[in-house]
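Here is what each chain is made of, one letter per residue.
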Amino acid sequence: MQLQTIIRRTHLYLAMFLAPWFVMYGLTSIAFNHPALFTDNSSEPVWIFRARESYSFPINENSELREVAAAILKDKNIEGSFHVQRPDRNTLIVTRFDFFHRTRLTFKIDQKTLLIEDRKVQLQNILTGMHGRGGFQQDVWLHDLWAVFVDLVAVAILVWIATGIFLWLQISSIRKWGGIVLVAGFLTFLVLVITL
Amino acid sequence: MLAYALSTLTMNHREFLASHLKAESFQLEMKRPYKPDAHDQEPGALALRILDDLNMKGEHQVRVRRDNRVVIMRYGLVFHRRITFDRQDQILLVEKTPFQLLAFLERVHRRTGSGAISPWETLWGLIVDAVAVAIVVWFATGFWMFLQIKSTRIAGLLLLLTGSLIFAGFLWLS
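First to last, the sequence lines map onto chains A and B.
Under our numbering, the first residue of the first sequence is numbered 23, with each subsequent residue one higher.
Under our numbering, the first residue of the second sequence is numbered 18, with each subsequent residue one higher.
Keep in mind that the hints were calculated from the coordinates and are not lab data.
These numbers were taken from a predicted model, which means no experiment stands behind them.
Ideal Cβ positions, reconstructed from N, Cα and C, are used throughout, including at glycine.
Hints are supplied without guarantee of correctness; some may be wrong.
[Said to hold, decoys possible] Here chain A is said to cover these stretches of chain B; the calculated rule only asks that three of the stretch's residues, wherever they fall, bring their Cβ under 8 Å from a Cβ of chain A: (1) 26-39; (2) 90-97; (3) 140-152; (4) 170-181.
[To be verified] Example chain A residues on the side facing chain B (calculated, C-beta under 10 Å, incomplete): (5) TYR35; (6) LEU36; (7) MET38; (8) ALA41; (9) GLY48; (10) PRO57; (11) ASN63; (12) PRO67; (13) VAL68; (14) ARG141; (15) LEU145; (16) LEU164; (17) ILE183; (18) GLN192.
[Stated by the list, open to error] Which chain A residues stay away from chain B? Per the calculated CB distances, all over 10 Å, these: (19) LEU40; (20) ILE70; (21) GLY156; (22) THR185.
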């Protein structure tokens, strides 16, 4: 097989396999750039009450927050990907999330209460959540596997650029105009980076 | 696309990379007397005037500290700047973060045109839209061109189907 054929096949097959991610990233980026189009402006509360219960869990100043949050989620039988924060010494907020839902657990340490709320399903959150998902900080195999695909998509984009430039250089009739557009793109990027 | 791909890699491994990075600290860039216009007493208007006078107009946040100093955080792509105006002494202090490649890439990735206040920011927003549309157009035109090539049709369709099933599996299992 010739080098050019290998490059063509790599360019094509990577695109076919990763097309769902590629299209998803393209479409969801619109939700970041135009949040008003996807935001529900109704006056209804965003977080919907599910339960409030007595709850206690030993926490001190040195407790590892992710470990505590994981234990609370396990205790409540809603394990999975989560964020955790401790806005003050008596409050622990654990947000359990997947692509479509978010559940927030607010643990008041001094009052020994646990408030459980579900976030109203909003298109904006689904789109931005899907786009922003990644990283290997969650101890959830599915999340890690998604992060591997995020890496794969990023590497694939670099490969598409490299193979695309190689294939473009083979076509002499569009070499000049392609070159002009490429330089114009780099210059525009440079100017914006310096200006912004 | 190059910036988005590189920044995606660094953001996906942020926890690991962050452990090898120094925290961004502000360093003095400029200190000078500054006398605002008498009309600019409201912090938002004052911030806009200061940024305009410094030729630094763009994405920012403003707050008033307890000691009545006005602090403007100017979020640039290359640097973040903290501009502090001491109303009492009429002194303007400009500090900026040193350049860090990873922080720069992440800023480029996260920057949108939402809430643009300068023509450059509007242009950036338009380019973000253009990238989004281009991605969809690349897929559509690429798919059309793929269908013209008989020799790769079966393998290509199998890969598209496999990728789509894995993607659907993620959504289903999440």
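So, going through the hints one by one against the coordinates:
no. : hint    : in the structure
1   : 26-39   : holds (count 7)
2   : 90-97   : holds (count 3)
3   : 140-152 : holds (count 11)
4   : 170-181 : holds (count 8)
5   : TYR35   : holds (5 Å)
6   : LEU36   : holds (9 Å)
7   : MET38   : holds (4 Å)
8   : ALA41   : holds (6 Å)
9   : GLY48   : holds (3 Å)
10  : PRO57   : holds (6 Å)
11  : ASN63   : violated (15 Å)
12  : PRO67   : violated (24 Å)
13  : VAL68   : violated (19 Å)
14  : ARG141  : violated (15 Å)
15  : LEU145  : violated (15 Å)
16  : LEU164  : holds (6 Å)
17  : ILE183  : holds (6 Å)
18  : GLN192  : violated (15 Å)
19  : LEU40   : violated (6 Å)
20  : ILE70   : holds (20 Å)
21  : GLY156  : violated (5 Å)
22  : THR185  : holds (12 Å)
The structure does not agree with the numbered hints 11, 12, 13, 14, 15, 18, 19 and 21 stated previously, though it agrees with the rest.
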